[in-house]
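Undergrad: Now for the letters of each chain:
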Amino acid sequence: MKVLVPVKRVVDYNVKIRVKADRSGVDIANVKMSMNPFDEIACEQAIRLKEAGVATEIIAVSAGEPKAQETLRTALAMGADRAILIESTDELQPLAVAKLLAAIVKKEDPQLVLMGKQAIDDDSNQTGQMLAALLGWPQATFVSRLTVADGQAEAGREVDEGIQTIAVKLPAVLTVDLRLNEPRYASLPNIMKAKKKPLDVVKPADLGVDVAPRLQYVQVEEPSARKAGVKVGSVQELVQKLKTEAGVL
Amino acid sequence: MDFGLSGEQEMLVETTRAFVEKELYPFEAEVERTRAVRPELVRQVIDRALEAGLYAANMPEGLGGGGLDTVSMCLVDRELGRAAYALHYLVARPSNILQACTGAQRERYLFPAIRGEKIDCLAMTEPDAGSDVRSMKCTARQDGTDWVIDGEKHFISHADLADFVILFAATGEEETPRGRKKRITTFLVDKGTPGFEVLPGYVSVSHRGYHNCRLRFENCRLPAEQVLGEPHKGFEVANDWLGATRLQVAATCLGRSHRALELATDWAAQRRQFGQQIGKFQGVSFKLADMKLLLQQAELLTLWAAWRHDQRMMRDEDAAMAKLAASEALGRIADEALQIFGGMGLMEDLPLERIWRDARVERIWEGTSEIQRHIISRAMLRPLGA
Ligand SMILES: Cc1cc2nc3c(=O)[nH]c(=O)nc-3n(C[C@H](O)[C@H](O)[C@H](O)COP(=O)(O)OP(=O)(O)OC[C@H]3O[C@@H](n4cnc5c(N)ncnc54)[C@H](O)[C@@H]3O)c2cc1C
Ligand SMILES: Cc1cc2nc3c(=O)[nH]c(=O)nc-3n(C[C@H](O)[C@H](O)[C@H](O)COP(=O)(O)OP(=O)(O)OC[C@H]3O[C@@H](n4cnc5c(N)ncnc54)[C@H](O)[C@@H]3O)c2cc1C
Chain A
1 MKVLVPVKRV VDYNVKIRVK ADRSGVDIAN VKMSMNPFDE IACEQAIRLK EAGVATEIIA
61 VSAGEPKAQE TLRTALAMGA DRAILIESTD ELQPLAVAKL LAAIVKKEDP QLVLMGKQAI
121 DDDSNQTGQM LAALLGWPQA TFVSRLTVAD GQAEAGREVD EGIQTIAVKL PAVLTVDLRL
181 NEPRYASLPN IMKAKKKPLD VVKPADLGVD VAPRLQYVQV EEPSARKAGV KVGSVQELVQ
241 KLKTEAGVL
Chain B
250 MDFGLSGEQE MLVETTRAFV EKELYPFEAE VERTRAVRPE LVRQVIDRAL EAGLYAANMP
310 EGLGGGGLDT VSMCLVDREL GRAAYALHYL VARPSNILQA CTGAQRERYL FPAIRGEKID
370 CLAMTEPDAG SDVRSMKCTA RQDGTDWVID GEKHFISHAD LADFVILFAA TGEEETPRGR
430 KKRITTFLVD KGTPGFEVLP GYVSVSHRGY HNCRLRFENC RLPAEQVLGE PHKGFEVAND
490 WLGATRLQVA ATCLGRSHRA LELATDWAAQ RRQFGQQIGK FQGVSFKLAD MKLLLQQAEL
550 LTLWAAWRHD QRMMRDEDAA MAKLAASEAL GRIADEALQI FGGMGLMEDL PLERIWRDAR
610 VERIWEGTSE IQRHIISRAM LRPLGA
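Just so you know, the sequences run in chain order A and B. The numbering of the first sequence is our numbering, which starts it at 1 and goes up by one. The numbering of the second sequence is our numbering, which starts it at 250 and goes up by one.
If we strip away everything but chain B, and leave its shape as in the complex, we get (with noise of 0.2 Å):
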């Protein structure tokens, strides 16, 4: 068992640092103020992570990404995670699932996405379809060689800066040994599209900055060239590409964690009452110690699972376990830092109650805390038939 990083992974982390530091952090505060990223900004932060080479970190080196294996692509995603997510997500890794691009779409979607040229979103929620995908109503029919597209999606991040949708749609059921289920087809849809629609979102208490969007699709024909994949193969699709997503989030969750202990026990050193630093006192030094336990479980797990998807070997539960660690860690964390601080904890003037808020949507989307405990508990009792 090698638990070390290599030379090149631990520059890796020093420049992703580096540049959290000297290109994002800057701009928080401007960012949670505004509740919103300038377009000048956008393009500054895409410039400045494509010199870095930071941009499509995660595509492979022969299609002009930055070729990273899954542990390498956890540690710049834990810095990166560090920052405000509406800057972060900047530093795009542009979604594994374009690879499945073939022909004509590698140059129209997968390249330009690489490139920093176009930005991707992925759209599968839906107001009736949150946990449970597969019940999706929105709609693609066949007619001649062209589909057409009904429905609706919600929740669907930064839509509105993308320049096309990876798009999941029911196209007819077929009978599983688990009963019917729903056929699902994966779509590339420009913006822009006679038919489709982006729609503002909600107003959510996390990740202000970064817009989530309701998607209308009405009478909406694409050609066949815009089918992702195969046909009706959409799970098989995401299946694929899409089993380190989670491990993003998880990455994530523990640069911002790292950043709240980071300021809590700092704080804990330096804040004095009843004439001695809190930290002497037990009852805030054991809090330290249990968020140092739940960040390095969490820490461990992410890059276990990280590696195990190098591998060839991750399963769903792994990815699962690590999201969930993650995301609660983060949580608790969070919460815990700012009981340190105390009153000061609250206040805007700190990044503190900011980390608290944004983590909570961490344990709601890519899978709930419910469902990732779902995939590991099915794990261990579908092979004993429970």
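If we strip away everything but chain A, and leave its shape as in the complex, we get (with noise of 0.2 Å):
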């Protein structure tokens, strides 16, 4: 079983990121990027597939500019068998990119689409769920628990009242949430083999997608500081604060 798990290329975590004076975006010039951190999550859970000898090849896609190879790079050395960067330097939205997965899918056949529930740094969650549709594949979101046999996957799926488990057949697309595992660090001969293992490159326009933008950004800006707080006296005046003040009774 072909297993295909969508990267995507963020500003790392850790990083403290800034509104451009402009406010058009977010400025990452000079900034550490990195694998989105549930997109790891979904590398790391194809790998234990494999390693389980349920999933055959690993194949790693990223759609963005060229150095997103370098993320690429990083799946390879977890332990993705080949990967394919689709190379873009427009900007890439939700619907353009579930678009170029669903004509990597109709290429390469795989029966399960292992990806993270949102980027980090749009926070979309809109990929995962748009592939699916396009496909016409079932889907499980935000799964923190999963098992796959038989032709289907059990999936633990977190939601508000607690885990929900759903089984999909497959092929499925399924996106991951926090919870189901933690990720590897690359060791150090996977990462030099990273090297030699295949990387290829395709264009939007090989694979027929149109992917100019359908939503335009007006404008980014910072969220507003936190207000203080303030503290009660009792019961009643909390109820009365939320009644009057807050409006939330």
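Bear in mind the hints are in silico, worked out from the structure with no lab data behind them. Hints are not guaranteed to be accurate.
[To be verified] Here's a subset of chain B near chain A, in silico, CB distances under 7 Å, partners left out:
hint, residue
1, G253
2, E257
3, L261
4, T264
5, A301
6, G302
All of these numbers come straight from a predicted model, not from anything done at the bench. For every residue, glycine included, the Cβ atom is placed at its ideal position computed from N, Cα and C.
Hints are included, so try docking the two chains, each in its own frame, into the full complex.
TA: Structure below.
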């Protein structure tokens, strides 16, 4: 069974980001970039499936600028078998990425697409769902427990009430949540091997996908600083304030 | 000139950093408190390091090591150096000098050291022979084909844990252009060899849990095959293989300096006094600028010397400058970082007081700062006949 793992190059989670002076976006010049943490978890899960003899091949795929090759190399060093870069310097919105991935799925014919539930840069949480819809495949989102066997995946999903377990037939799209696993760090021999693993580069046009943005960013702003809270003297006062000031009761 | 790191080197840094954060940091407090690393923890760190391929990363791939060049090794050491010494040294870099092993020595010492089955330690220093190593009194005299060792070594790091010692002993004297000098021979001595005893050393202010020992040799008989390299060529073997050891000290100093500086910078941005962040006071912010400058200088010198080592161009004074700059920078940076924390900097709740204590030994071992200056200045003046 082939597993496709989409990985995105994002600003490292440790970086304290800043909005550009002209408010056109976040300043990413000279900022440390890494693999989206949720994608790392997806990659780790794919590797575990391979180690368990369930998956046979892991293909990492990334859509973005040439530097996304570094992110793919990280996936290869973790244990992916080969990689595909869909190279584009255009702004790629979730729908465009979903279309690109759908085109790769058609070419590669994986049984499973394991991906992060969202990317930590714009937190869209859309690509997996859109991809499943474009392919007409079942989907399981926010997966925090997973078993794959006999042509189906049993996924524990984190929902507000707890863990909801659902079964989906393969092929399927799964988007993974934080608690699914703890990703490994690449070992030194695997880092050295990654250099020799195949990494193909294709262009959106090669896949016949129009990536033109459908959404327009108007303005990006820093979140306003949190205001100091107030202490209340009694439950009565609290309820009163919730009614009159907060307007939530 | 290219100051960039390759993709592999970047990943190597990430992996080592992740290793340090996951496998070493969680045990630092325990090691400080107990002044020891539990035997199970020793094994665990070694096993995890073997899994990560970081163990013996300095050794050639052909011998089963990681095959890293000196620059990459310095990057690994820099990241490892962030953690407490007693823990990070377990991610062993078997002494490069073991590559001088020949014949059966390779199976008995070199390969087990690379596979994490045996740990080596290295013994030069004696109570009366520190910086002036050549004045050593521990002797080996020939008796038939055997050698018989008598004498004492002290300050020998992790000899308590080691399975064998790479021993330097005096084997007679020779005339040199600079007067009569002792001839030195290098030996491989197994723990348990009759006449060889490992005694507890001193309690040091730096690197708790990383013990130094005294070694005593009394009529300790070794067969000829225990000689590493050729008889009387101990310094030649050392010069051939130990050049990068000072870079390792430099690189680990850089790691701890980075950690201290990061802590201090965050604190300067957080801590408020007199109605503002203390980082807004020039008295604090200029300290940070100077710390950064010292660190960057030391890092460039270290990576530059490592690069020269890889090109087979490294001179003694290159490594000396790197070691001097990095160990002195650490001392200064640790002290200033502690100062920026005010009273809290002194407390065991933070890693700073430890980094500050640990920094002290770095200016002493592997050649004191004065000896490094001696090496640098001799290289300048000797050609002029001074
Ligand atoms: C914790 C620890 C672990 C160690 N581990 C090992 C080990 O594993 N193996 C090993 O062999 N050794 C080890 N050493 C020994 C270490 O290398 C020596 O401490 C170091 O070489 C200095 O020697 P010394 O302490 O005898 O000081 P000395 O040589 O007595 O120096 C005393 C002072 O005199 C100065 N001085 C000496 N000569 C000169 C000169 N020519 N010009 C100017 N100043 C000079 C020195 O700089 C120093 O300030 C270790 C030491 C320590 C503290
Ligand atoms: C062991 C110990 C015992 C103590 N005992 C007592 C005691 O018995 N009673 C008591 O009341 N206190 C006591 N103290 C507190 C001590 O007086 C404070 O630690 C000291 O005043 C510094 O305050 P701080 O630690 O909060 O550091 P901070 O004031 O937070 O200072 C942090 C850093 O910012 C710098 N800084 C702050 N303001 C400025 C500025 N305007 N310009 C430039 N730099 C600035 C400081 O110099 C320092 O480097 C004790 C402290 C210790 C460590």
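Undergrad: All hints are to be evaluated individually against the structure, with a verdict given for each.
TA: Quick rundown of the hints versus the structure:
1. G253: Violated: closest Cβ of chain A sits about 12 Å from B/G253, beyond 7 Å.
2. E257: At 5 Å from the nearest chain A Cβ, B/E257 passes the 7 Å test, so the hint holds.
3. L261: holds (6 Å)
4. T264: holds (5 Å)
5. A301: holds (5 Å)
6. G302: holds (3 Å)
Violated hint for the displayed structure: number 1, the only one.
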